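Spelled out from the first residue to the last, the chains are:
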Amino acid sequence: MTDISYQAPSQETEASLGDYFALMKPRVMQLVVFTAVVGLLAAPVNVHPVIAFASILFVAIGAGASGALNMWWDADIDGVMKRTAKRPIPAGKVTPDEAKVLGFALSGLSVMMLALSANLLAAGLLAFTIFFYIAIYSMWLKRLTPQNIVIGGAAGAFPPVIGWVIATGSMSVEAWLMFALIFMWTPPHFWALALFMKSDYDDAGVPMLTVTHGRKSTRFHIIAYTVPLVVLAVGTAFSGVGGPIYLATAVVLNAMFLKGAYDIWRRDEPQAEADGYKVEKTFFRLSLWYLFLHFGAILVEALLPAAWGIWA
Amino acid sequence: MTIRAEHEIHQRRKGRNVGVGLMLGGFVVLILALTFVKITGGDFEMPRIEEGQ
Numbered sequence: 001m002t003d004i005s006y007q008a009p010s011q012e013t014e015a016s017l018g019d020y021f022a023l024m025k026p027r028v029m030q031l032v033v034f035t036a037v038v039g040l041l042a043a044p045v046n047v048h049p050v051i052a053f054a055s056i057l058f059v060a061i062g063a064g065a066s067g068a069l070n071m072w073w074d075a076d077i078d079g080v081m082k083r084t085a086k087r088p089i090p091a092g093k094v095t096p097d098e099a100k101v102l103g104f105a106l107s108g109l110s111v112m113m114l115a116l117s118a119n120l121l122a123a124g125l126l127a128f129t130i131f132f133y134i135a136i137y138s139m140w141l142k143r144l145t146p147q148n149i150v151i152g153g154a155a156g157a158f159p160p161v162i163g164w165v166i167a168t169g170s171m172s173v174e175a176w177l178m179f180a181l182i183f184m185w186t187p188p189h190f191w192a193l194a195l196f197m198k199s200d201y202d203d204a205g206v207p208m209l210t211v212t213h214g215r216k217s218t219r220f221h222i223i224a225y226t227v228p229l230v231v232l233a234v235g236t237a238f239s240g241v242g243g244p245i246y247l248a249t250a251v252v253l254n255a256m257f258l259k260g261a262y263d264i265w266r267r268d269e270p271q272a273e274a275d276g277y278k279v280e281k282t283f284f285r286l287s288l289w290y291l292f293l294h295f296g297a298i299l300v301e302a303l304l305p306a307a308w309g310i311w312a
Numbered sequence: 313m314t315i316r317a318e319h320e321i322h323q324r325r326k327g328r329n330v331g332v333g334l335m336l337g338g339f340v341v342l343i344l345a346l347t348f349v350k351i352t353g354g355d356f357e358m359p360r361i362e363e364g365q
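Line by line, the protein sequences are chains A and B.
With my numbering, letter number 32 in the first sequence gets 32, and the count goes up by one each step, no holes.
Each number in my numbering corresponds to the 1-based position in the second sequence with 312 added.
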């Protein structure tokens, strides 16, 4: 055996920096960073820019760490599903053990550093979020119950609360309104995806609502969760983080979102298959804009002077 | 077959090492900046151990 032939197997498994970065689910990290920044800036306390930057960075690292741990735990089903088959572990670029070590190491680092840069409550919330996403959602609920998305959505809803706590050191109703907005948005968002990803979750044996209760029931669940979401999203306009810009944004977006959910509910599978799930795909894309623009409006309200009549 | 001194795997390792080095350097700078901001902030107090001794 020559040196060259000996090195060949390791050549295939040696990952690049980009592969490790992909393990951290950069698109999810973007959403986490954005909502955490909004939570931090919406809080009625000014934070030194260096402390704010460092703290948000540690929240992002914590989110990335939980992404890596999720990919380690779900490597078997990721390889089966079309949507996730190209992730670093099923693609053979990173080993599950590497993902596990990276995830645990970055989890510890991010929590410890957030405690030092911000406060213990923010660090505790970050630790709980990582624990919730990995132990409660990924390890326990995801493969057990069709309510996986509903309860698991809490993990993605914590970042604005963490941002708020970084600034204030305590929690308040405004922080929990932002939490509730993401929490209630998550199920319709993922169920719309499950409707047009068809057999993906079926193949992987993940008990999504489409698999356990059927597509008709999923369509009803989408509108059933959208109605309280609309009330919550519009009602937030009259809280400390709301204002006229937020109200105008929320009214338009929620009218569109409600219309989309209604259209999904009124359709059946033959209609959806006939046009290639056009309505479901449009609703899914709208859901991404929905969350981004709601938090964008909260950010605009936070950055504008407080001179808004009843909202001042 | 000739053994090439520079293989694709060397480039990948180099990229990884440079990336890790830059991140560690950035981390050091961030800790330095955080420390500076914390100790120059209004609510920072030096430990008073020496005064009591």
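Hints in this document: simulated from the structure, not taken from any laboratory.
Just to be clear, a hint being listed does not mean it is correct.
[To be verified] From chain A, some residues computed to sit far from chain B (all C-beta separations above 10 angstroms): (1) Glu14; (2) Ala15; (3) Leu17; (4) Val50; (5) Ile51; (6) Ala54; (7) Leu57; (8) Leu116; (9) Ala127; (10) Lys142; (11) Lys216; (12) Ile223; (13) Asp263; (14) Glu269; (15) Leu288; (16) Val300.
[To be verified] Selected chain B positions facing chain A (in silico; Cβ < 8 angstroms): (17) Lys326; (18) Arg328; (19) Gly337; (20) Leu342; (21) Leu346; (22) Val349; (23) Ile351; (24) Gly354.
[What the hints assert, rightly or not] Restraint ranges, calculated between C-beta atoms of paired labels, are given here: (25) Asp97(A) / Phe339(B): 21 to 29 angstroms; (26) Ala135(A) / Arg325(B): 29 to 37 angstroms; (27) His322(B) / Phe292(A): 50 to 58 angstroms; (28) Ile343(B) / Val300(A): 31 to 39 angstroms.
Just so it is clear, the structure is predicted and the values come from calculations on it, not from any experiment.
Positions of the beta carbon are idealized from the N, C-alpha and C atoms, including for glycine.
Exercise for the section: Of all the hints given earlier, name the ones this structure violates by number, lowest first. Expected result: 1, 2, 3, 4, 5, 6, 7, 8, 17, 19, 23, 24, 27
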